[in-house]
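2 protein chains.
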Amino acid sequence: MYKVKVYVTLRESVLDPQGTAVKGALHSLSYTEVKDVRIGKFMELVIEESGRDINELVREMCEKLLANPVIEDYRYEIEEAVAR
Amino acid sequence: MYKVKVYVTLRESVLDPQGTAVKGALHSLSYTEVKDVRIGKFMELVIEESGRDINELVREMCEKLLANPVIEDYRYEIEEAVAR
Numbered sequence: 015m016y017k018v019k020v021y022v023t024l025r026e027s028v029l030d031p032q033g034t035a036v037k038g039a040l041h042s043l044s045y046t047e048v049k050d051v052r053i054g055k056f057m058e059l060v061i062e063e064s065g066r067d068i069n070e071l072v073r074e075m076c077e078k079l080l081a082n083p084v085i086e087d088y089r090y091e092i093e094e095a096v097a098r
Numbered sequence: 015m016y017k018v019k020v021y022v023t024l025r026e027s028v029l030d031p032q033g034t035a036v037k038g039a040l041h042s043l044s045y046t047e048v049k050d051v052r053i054g055k056f057m058e059l060v061i062e063e064s065g066r067d068i069n070e071l072v073r074e075m076c077e078k079l080l081a082n083p084v085i086e087d088y089r090y091e092i093e094e095a096v097a098r
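Residue numbers (this note's numbering), protein chains in the order written: chain A, 15 to 98; chain B, 15 to 98.
Just chain A, same shape as in the assembly (with noise of 0.2 Å):
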């Protein structure tokens, strides 16, 4: 068993619109001395070893399904097999 985090993160090119609420409330929390909030995901998965390899499966799953590679970027780490 393999457990994957995976950060998707918007490419620096596209708005963070939620970034940008966020900033702003911690702004009127007087929190002024934050300049930029960006916002991204982070996944956790647990995958059972399948035979195929652990890097190709998650770059396939991330290219397809977890990332929209447009306006996102993503990077994944695979931590450890965990014990059954």
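Mixed in with the good hints, there may be bad ones.
Same chains, same label: a pair holds when it works inside one copy or across any pair of copies.
25 Å max Cα-Cα, derived BS3-like pairs, lysine-lysine [what the hints assert, rightly or not]:
no., residue 1, residue 2
1, K17, K49
2, K78, K49
3, K19, K49
4, K78, K17
5, K55, K78
No wet-lab data here; the hints were simulated from the structure.
Note that the structure is a prediction, hence the values are computed from the model and not measured.
Given chain A, put chain B in place with the hints provided.
Chain B alone, transformed into the frame defined by chain A:
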């Protein structure tokens, strides 16, 4: 300037319907080796030096706005002092 990465995840005991939906979608794409998916948020903040302790500041922002401590856990990394 600090670059801070904040990871917000649902507590283990809290159901994650979004994760369940993504798992279902992965299964329907025939990635049946995926046994569990949990979805969280990932935030990147750029914070200016303000004389306050950066750790304390980030913890306060997480408790007040970025995470809901009743159902979510958070952790953060203070990455580096970015050149102005």
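Exercise for the section: Go through the copies and call it for K78 and K49: within, between, both or neither, with a Cα cutoff of 25 Å. Expected result: between (33 Å within a copy, 18 Å between copies)
Practice task
Could you figure out if K17 and K49 sit no more than 25 Å apart (CA to CA) within one copy, between two copies, both or neither?
Solution key: between (34 Å within a copy, 10 Å between copies)
Practice task
Could you place K55 and K78 in one of the four classes (within, between, both, neither) given a Cα distance threshold of 25 Å?
Solution key: The answer is both: 16 Å in one copy and 20 Å across copies each meet 25 Å.
Problem - Copy assignment of K19 with K49, given that the CA separation must stay at most 25 Å - result: Close across copies (14 Å), not inside one copy (27 Å); limit 25 Å.
Handout entry: Within, between, both or neither, where K78 and K17 count as close if Cα-Cα is 25 Å or less
Key = Only inside one copy: K78 and K17 sit 19 Å apart there, 30 Å across copies, limit 25 Å.
When the structure is compared with the earlier hints, no violation turns up for any of them.
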